[in-house]
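Just so you know, the sequences run in chain order X and Z.
According to this note's numbering, the first sequence holds residues 160 to 649 in order.
According to this note's numbering, the second sequence holds residues 160 to 649 in order.
Check each hint, because a few of them may be wrong.
As the list claims (entries may be wrong) - Taking lysine to any residue pairs in the SDA-like style, the calculated list, with each CA pair at most 20 Å apart, reads:
hint : chain 1 : residue 1 : chain 2 : residue 2
1    : X       : Lys491    : Z       : Ile477
2    : Z       : Lys282    : Z       : Lys351
3    : X       : Lys405    : Z       : Leu429
4    : Z       : Lys405    : X       : Gln428
5    : X       : Lys405    : Z       : Tyr248
6    : X       : Lys482    : Z       : Ser476
7    : X       : Lys237    : X       : Leu183
8    : X       : Lys351    : Z       : Tyr346
9    : X       : Lys630    : Z       : Gly363
10   : Z       : Lys407    : X       : Ser476
11   : Z       : Lys522    : Z       : Gly323
12   : Z       : Lys351    : X       : Lys482
13   : Z       : Lys537    : X       : Ser288
14   : X       : Lys351    : Z       : Ser476
What the hints contain is simulated information worked out from the structure, not anything from laboratory work.
Number of protein chains: 2
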Amino acid sequence: MMKLKMFKFSFGFFKVPFKSFKKLQRKNYKVIDEQDIDYFKSVIAKDDVITNESDLIFFNTDWLKKYVGNAPVVLRPKTTEQISKILNYCNQKKIAVVPQGGNTGLVGGSVPVFDEVIINLSKMNKIISHDELTSTLHCEAGCILENLKNYVDALGQTMPIDLGAKGSCFIGGNLATNAGGIHFVKYGSMRKNCKGLKAVLADGSIIDSMSPLPKNNTGYDLKQIFIGSEGTLGIITECLIQTHPKMKNIELAIIALDKFTDVLKIYEQLKEEMGDLISAIEFFDNYSLIIQERHGRMNPLQEKNNFYLIIEIGSYSIDLNLKDILEDFLSKIDLKDGVIAQDEWQKKKIWDLRETIAEGASKEGLVLSYDISLPLPKFYEIVEETRRRVGYLAEVIAYGHIGDNNLHLNVCYNKFVKDENFHILESIMEPFVYDYIKDVKGSISAEHGIGICKSEYLNRSQTSDSIELMKIIKNALDPNGILNPYKIIN
Amino acid sequence: MMKLKMFKFSFGFFKVPFKSFKKLQRKNYKVIDEQDIDYFKSVIAKDDVITNESDLIFFNTDWLKKYVGNAPVVLRPKTTEQISKILNYCNQKKIAVVPQGGNTGLVGGSVPVFDEVIINLSKMNKIISHDELTSTLHCEAGCILENLKNYVDALGQTMPIDLGAKGSCFIGGNLATNAGGIHFVKYGSMRKNCKGLKAVLADGSIIDSMSPLPKNNTGYDLKQIFIGSEGTLGIITECLIQTHPKMKNIELAIIALDKFTDVLKIYEQLKEEMGDLISAIEFFDNYSLIIQERHGRMNPLQEKNNFYLIIEIGSYSIDLNLKDILEDFLSKIDLKDGVIAQDEWQKKKIWDLRETIAEGASKEGLVLSYDISLPLPKFYEIVEETRRRVGYLAEVIAYGHIGDNNLHLNVCYNKFVKDENFHILESIMEPFVYDYIKDVKGSISAEHGIGICKSEYLNRSQTSDSIELMKIIKNALDPNGILNPYKIIN
Numbered sequence: 160m161m162k163l164k165m166f167k168f169s170f171g172f173f174k175v176p177f178k179s180f181k182k183l184q185r186k187n188y189k190v191i192d193e194q195d196i197d198y199f200k201s202v203i204a205k206d207d208v209i210t211n212e213s214d215l216i217f218f219n220t221d222w223l224k225k226y227v228g229n230a231p232v233v234l235r236p237k238t239t240e241q242i243s244k245i246l247n248y249c250n251q252k253k254i255a256v257v258p259q260g261g262n263t264g265l266v267g268g269s270v271p272v273f274d275e276v277i278i279n280l281s282k283m284n285k286i287i288s289h290d291e292l293t294s295t296l297h298c299e300a301g302c303i304l305e306n307l308k309n310y311v312d313a314l315g316q317t318m319p320i321d322l323g324a325k326g327s328c329f330i331g332g333n334l335a336t337n338a339g340g341i342h343f344v345k346y347g348s349m350r351k352n353c354k355g356l357k358a359v360l361a362d363g364s365i366i367d368s369m370s371p372l373p374k375n376n377t378g379y380d381l382k383q384i385f386i387g388s389e390g391t392l393g394i395i396t397e398c399l400i401q402t403h404p405k406m407k408n409i410e411l412a413i414i415a416l417d418k419f420t421d422v423l424k425i426y427e428q429l430k431e432e433m434g435d436l437i438s439a440i441e442f443f444d445n446y447s448l449i450i451q452e453r454h455g456r457m458n459p460l461q462e463k464n465n466f467y468l469i470i471e472i473g474s475y476s477i478d479l480n481l482k483d484i485l486e487d488f489l490s491k492i493d494l495k496d497g498v499i500a501q502d503e504w505q506k507k508k509i510w511d512l513r514e515t516i517a518e519g520a521s522k523e524g525l526v527l528s529y530d531i532s533l534p535l536p537k538f539y540e541i542v543e544e545t546r547r548r549v550g551y552l553a554e555v556i557a558y559g560h561i562g563d564n565n566l567h568l569n570v571c572y573n574k575f576v577k578d579e580n581f582h583i584l585e586s587i588m589e590p591f592v593y594d595y596i597k598d599v600k601g602s603i604s605a606e607h608g609i610g611i612c613k614s615e616y617l618n619r620s621q622t623s624d625s626i627e628l629m630k631i632i633k634n635a636l637d638p639n640g641i642l643n644p645y646k647i648i649n
Numbered sequence: 160m161m162k163l164k165m166f167k168f169s170f171g172f173f174k175v176p177f178k179s180f181k182k183l184q185r186k187n188y189k190v191i192d193e194q195d196i197d198y199f200k201s202v203i204a205k206d207d208v209i210t211n212e213s214d215l216i217f218f219n220t221d222w223l224k225k226y227v228g229n230a231p232v233v234l235r236p237k238t239t240e241q242i243s244k245i246l247n248y249c250n251q252k253k254i255a256v257v258p259q260g261g262n263t264g265l266v267g268g269s270v271p272v273f274d275e276v277i278i279n280l281s282k283m284n285k286i287i288s289h290d291e292l293t294s295t296l297h298c299e300a301g302c303i304l305e306n307l308k309n310y311v312d313a314l315g316q317t318m319p320i321d322l323g324a325k326g327s328c329f330i331g332g333n334l335a336t337n338a339g340g341i342h343f344v345k346y347g348s349m350r351k352n353c354k355g356l357k358a359v360l361a362d363g364s365i366i367d368s369m370s371p372l373p374k375n376n377t378g379y380d381l382k383q384i385f386i387g388s389e390g391t392l393g394i395i396t397e398c399l400i401q402t403h404p405k406m407k408n409i410e411l412a413i414i415a416l417d418k419f420t421d422v423l424k425i426y427e428q429l430k431e432e433m434g435d436l437i438s439a440i441e442f443f444d445n446y447s448l449i450i451q452e453r454h455g456r457m458n459p460l461q462e463k464n465n466f467y468l469i470i471e472i473g474s475y476s477i478d479l480n481l482k483d484i485l486e487d488f489l490s491k492i493d494l495k496d497g498v499i500a501q502d503e504w505q506k507k508k509i510w511d512l513r514e515t516i517a518e519g520a521s522k523e524g525l526v527l528s529y530d531i532s533l534p535l536p537k538f539y540e541i542v543e544e545t546r547r548r549v550g551y552l553a554e555v556i557a558y559g560h561i562g563d564n565n566l567h568l569n570v571c572y573n574k575f576v577k578d579e580n581f582h583i584l585e586s587i588m589e590p591f592v593y594d595y596i597k598d599v600k601g602s603i604s605a606e607h608g609i610g611i612c613k614s615e616y617l618n619r620s621q622t623s624d625s626i627e628l629m630k631i632i633k634n635a636l637d638p639n640g641i642l643n644p645y646k647i648i649n
């Protein structure tokens with residue numbers, strides 16, 4: 160499970176903490192009554208209609224405890240047909256709903272803003288099959304990613320996605336948010352690895368886009384509409400996922416570099432010489448390392464420098480001497496320091512150093528965290544500019560999946576900056592970060608999505624014509640706006 | 160250029176030849192008048208407003224000369240903004256239009272059915288740039304695929320798509336039809352390789368979905384809507400395409416197998432042992448070979464058998480001894496005969512044998528040709544069933560991209576079956592083929608699309624709810640239905 164800082168705000172748990180929430184008005188949806196609850200109980204098991212207040216808190220609160228909604232009922236259907244009936248009913252009555260997977264999202268997309276009914280997918284967790292011939296996993300949307308990973312691992316296969324929240328997140332949520340993760344550079348997005356899905360529209364229609372055929376040009380590819388739409392266009396209930404043969408041969412190196420231009424040069428050479436042998440290229444700066452060392456993490460390198468790259472290459476063939484290839488590559492470039500892991504323990508230590516940076520930062524105090532994407536030549540400029548802005552008030556650290564242009568920019572405030580200032584600091588920092596991104600044609604959300612958290616900044620990464628088209632599509636598919644309202648677009 | 164048989168029908172050139180056309184009624188679009196022509200001439204160069212009847216024939220006729228429309232005018236805009244103005248005008252006046260690329264489609268999607276205005280993209284053929292760092296090609300939609308291929312080749316890169324029509328087809332059309340081709344098994348679909356595009360909606364709005372960032376989860380991924388929609392939702396005018404480093408090391412083998420179950424077994428083992436080294440797995444049956452031999456093609460194998468596989472593996476690394484790997488693999492399987500190409504000439508001969516099957520078949524006489532996709536265990540059954548049905552009347556041959564489940568099923572009628580019977584034979588064969596595909600959950604169009612040719616059979620590969628949703632999307636984006644009417648859905 161991803162370890163994330165639980166922010167403790169000075170205001171009470173159930174108050175809506177953020178400005179984005181404050182601006183919103185509840186839309187004119189029907190308020191749930193006893194009759195509605197009775198209807199839900201006629202469709203799904205009574206135990207799966209949760210109305211007990213103490214149980215509701217759990218479902219109403221997001222992963223970061225940053226967003227808390229007020230759903231009066233949580234429904235846990237077991238079949239696509241049950242979801243179809245529920246949505247058809249809600250659509251007729253104009254009852255708003257929030258689809259909820261593992262609730263591990265970081266942008267408040269999977270909890271209600273007001274009193275939307277939660278449709279939780281946790282009871283739809285059947286692994287249906289894995290087809291060896293086509294390497295296709297067939298499962299329900301409520302399966303936990305780690306369970307799927309273990310299932311296909313035993314078959315000599317690997318899932319195309321791996322991320323910190325794997326112990327809790329659901330595959331349906333991974334699809335609905337087009338989740339990224341550490342193997343993106345090798346296998347690509349969830350979109351690229353989704354071979355089929357079933358989704359229920361707002362009116363209850365079931366869209367069966369479950370053909371596992373690699374080529375199928377028969378009209379619009381409807382599954383694309385649901386992937387990445389964060390539950391605003393339909394509820395994904397079932398899917399077919401491309402799995403990949405496990406790599407038999409993996410080597411890992413960490414190298415230290417002086418200038419960011421060196422980082423880019425190496426990245427380009429790596430792509431040129433290694434091609435699809437590359438399975439990860441991760442990046443962090445020395446400010447990140449300083450924080451990690453402060454918390455006792457081991458640095459395998461003898462000499463420090465300004466930037467670090469972790470390079471993983473892998474192959475399906477054991478005949479390939481990857482260590483030689485990596486050594487040969489590294490010997491040709493001008494390195495101050497670099498290490499190739501000699502065993503599994505060393506590999507683990509190197510990965511730990513990178514993967515625990517977020518955790519390390521959270522130990523320092525209040526952290527503002529941005530999941531952004533920028534063209535590589537601009538990748539580090541925003542970090543330096545942010546550093547100039549915050550001065551001595553904070554340490555600015557940068558790390559991320561450089562192979563995917565994905566930067567995690569963290570502003571770690573000094574201990575004397577109190578938690579209750581979070582909200583003011585964020586309101587100062589957000590417009591700067593997102594306007595900067597707009598100027599360099601970056602993305603305000605690389606992998607986490609928009610949800611409620613970034614919806615007011617959507618125009619920093621999308622033109623007004625594009626946002627208008629999103630509204631046209633939303634309105635065509637969900638004319639009553641019952642599906643995950645207030646999220647992405649308003 | 161792909162060599163395709165030009166069918167000579169007994170009815171006149173400008174008559175609508177097919178049943179699918181006969182059923183259609185012209186919808187109530189405005190008929191073009193002088194004022195409209197004057198408007199077009201005010202937006203684009205006069206020379207690019209073509210109204211001369213002898214010139215129009217070329218644009219009105221599809222590649223196979225199977226479909227002939229009656230557009231009174233062809234427009235050749237040079238910019239996205241000009242297309243925006245034209246569409247905005249046409250939308251207001253309810254003038255129907257057909258976007259046209261290289262006009263190499265095989266389902267009649269790029270020519271008018273009645274008197275729709277042709278918007279031909281041939282004047283938008285600028286290659287804008289190639290970004291080395293991200294391997295991204297930026298170009299206009301009217302670029303010919305082969306020109307792009309030559310351009311990136313010189314940079315040590317390769318295009319993700321390669322197909323027979325590359326000398327004529329446009330990249331915009333490749334995107335609009337989500338084209339496949341011979342490298343699909345290695346690089347995937349056009350959808351997977353499109354990093355961005357610009358499209359103009361029916362009302363003239365310009366959708367700029369041109370972010371080349373690998374990760375960008377900021378709302379709905381609008382480019383997905385236009386890819387594969389065959390010009391019915393918008394006109395693609397510009398794009399960003401992922402290119403790939405050229406493979407440095409390629410080996411090719413051809414093997415003969417006894418049973419189709421052997422084909423599947425080898426395919427599975429290949430995937431398991433070679434992983435992403437595989438760059439092509441092509442298939443043909445002995446009936447195809449017999450036709451090829453009749454036309455003097457060389458068969459490099461000593462012994463004949465029922466099925467043949469061509470296996471190409473490739474690597475970016477020259478350190479990998481692919482020949483050893485391939486030899487090792489082939490020595491472990493029980494083969495009647497197999498050959499590894501020893502030089503470029505042998506490679507070319509093996510590829511020729513496969514790539515000229517369609518041409519060989521067309522020399523025999525009247526051919527019905529189906530581009531279909533089936534689950535692999537069912538892949539060859541339809542061929543045998545078709546063979547039983549046609550008896551001595553025709554030779555039934557099967558070949559295709561087995562790595563993509565893509566079968567080209569050709570029914571080659573004997574010479575005494577006259578061309579004018581095409582239409583009757585097709586009307587007998589089509590329902591059988593497409594119903595069979597429906598039963599086995601295959602696809603009636605693997606890579607060619609639906610166009611006008613297969614629209615009445617769309618329900619064999621899509622549910623009624625899915626077709627309904629396609630209509631909702633079409634209606635939302637193009638409420639007046641001016642964009643490529645009568646195609647895909649009606």
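Is the Cα-Cα distance between Lys522/Z and Gly323/Z 20 Å or less?
18 Å, holds
For the pair we were handed, Lys407/Z and Ser476/X, check the Cα-Cα distance against 20 Å.
Distance ~17 Å between Lys407/Z and Ser476/X Cα, so the pair holds.
Does the alpha-carbon distance linking Lys405/X and Leu429/Z stay inside the 20 Å limit?
Given pair Lys405/X, Leu429/Z holds - Cα atoms ~14 Å apart, limit 20 Å.
Within a Cα-Cα threshold of 20 Å, do Lys237/X and Leu183/X meet the stated pairing?
Violated. Lys237/X to Leu183/X sits at ~33 Å, over the 20 Å cutoff.
Sort out whether Gly363/Z lies within 20 Å of Lys630/X, counting only the CA atoms.
17 Å, holds
Hint check: Lys537/Z vs Ser288/X, CA-CA at most 20 Å. Holds or violated?
19 Å, holds
Holds or violated: Lys482/X with Ser476/Z, Cα cutoff 20 Å?
OK: Lys482/X and Ser476/Z at ~14 Å, within 20 Å.
Between Lys405/Z and Gln428/X, does the CA-CA distance stay at or below 20 Å?
14 Å, holds
Between the alpha carbons of Lys282/Z and Lys351/Z, is the straight-line distance 20 Å or under?
At roughly 26 Å apart (the allowed maximum being 20 Å), Lys351/Z and Lys282/Z break the hint.
Against the 20 Å threshold, does the CA-CA distance of Lys351/X and Ser476/Z hold or violate the hint?
25 Å, violated
Verify the proposed pairing of Lys351/X with Tyr346/Z, using a straight-line Cα cut of 20 Å.
11 Å, holds
Does the structure keep Lys405/X and Tyr248/Z at a Cα separation of 20 Å or less?
Given that 20 Å is the threshold and the Cα spacing comes to 55 Å, the pair is violated.
Consistency note: the structure conflicts with the earlier hints numbered 2, 5, 7, 12, 14.
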